[in-house]
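Just so you know, the sequences run in chain order V and H.
My numbering applies: residue 86 is where the first sequence begins, and numbers increase by one.
My numbering applies: residue 259 is where the second sequence begins, and numbers increase by one.
Quick caveat, the hints were computed from the structure, so don't treat them as lab data.
For clarity, every value in this text was computed on a predicted model and none was experimentally measured.
Backbone N, C-alpha and C define an ideal beta-carbon position, used for all residues, glycine too.
Far from chain H, some chain V residues (derived; all Cβ distances over 10 Å):
#1 P180
#2 P183
#3 G184
#4 T214
Computed cross-link-like contacts, DSS-like style, restricted to lysine-lysine with a CA-CA straight-line distance of at most 30 Å:
#5 K190/V to K382/H
#6 K206/V to K382/H
#7 K322/H to K405/H
#8 K454/H to K206/V
#9 K454/H to K190/V
#10 K382/H to K157/V
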Amino acid sequence: MIRGLFAGLLFFGWSCGKAAPPTLKAEFGNIRITGGFAYSPITQESGAAYFTIRNTSDKPDTLVSVQSSIAKSAMIHGTMQSEGAAGMARIERLPIPPGEEVTLKPGGTHLMLEQLSRLPKPGERMPVTLVFSRAGTVTLELPVRAYNQ
Amino acid sequence: MTTARALRSVVLVLALIGCDRKPAAFNPSGLAGPTLGQAIPKPDFTLTATDGSPFNFRQQTEGKITLLFFGYTHCPDVCPVHLANIAAALQTLGPEVQRKVEVVFVTTDPDRDTPEVIRAWLNKFDPGFVGLRGSLAEVNAIQRGLKLGEASREPQLTPADTGYSVGHAALVLAFTPDDSAHVVYPFGVRQADWAKDLELLAKMVGPA
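If we strip away everything but chain V, and leave its shape as in the complex, we get (with noise of 0.2 Å):
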């Protein structure tokens, strides 16, 4: 059962410390999101967005699904650091286990999107689709910040 949520239910969050741009949070179900923000992107050829996410149910759930509206694909990057390389690998199922919390981070794993139809600037929004096994779909618009906010 899919059920379609959208950016009506959800807030801004302000982190700490007046400098700090703003991220979003979004409750749905059994899924709280936290912290999501995307970059703006450099070109039309991929952007990142990230956010915290925590099954706050008994039961395992799975983002099986991303997409945006302004991106021709999405896709869960894993970054994997050694030796000081960093290696990417997509993560076609990312599992969120019964009170537990995965968080997307630059650096680490990431939503990338590719072949853009716009660049959102920062001070916008970046609409980002997760389709959830358990919880179902929700858009999140998702503020952008610059690369080096």
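Following the hints, position chain H against chain V.
Positioned in the frame of chain V, the structure of chain H alone reads:
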């Protein structure tokens, strides 16, 4: 020209030997970046710059603070974060420091990163950044020499699939005028730390 350069290098080496064995030129304290137990010698390689001219890394960055970084323009995560923070830090430091610092980007994805693509991408950060390109074998040999590992490419699903990612070192190496990197910058260095370190490192460069 080349002979003059070579002579100058010899003079520089002799000058260094003349000093006491400690890296006399490297003494900044309070650097945010981790200092290496054993310095990395500045590599001697020639790749092609985005204007098509050959670029000898050792000679053409001589006497400067040189930040060397391997990456690729399709990279959405590590590469633009490093370059944007370095560019923003340099902006805050002004021309005096800027002309003492050279930022050199080497692509690990020569198939997609043509000279034009590299130039356009670097210009989004700082038009003064140098972009270099060579064969993957050449670039991997340089990375191996620096003990950075090789660029590993994600397999293409089909020949038409150009969405592959490329592994690369996430480190930025900072070479100082003594032709060594004593300090490296892992991913996650903040702009304020870049600014602080570049200002300290630039003090090692004499007036032009």
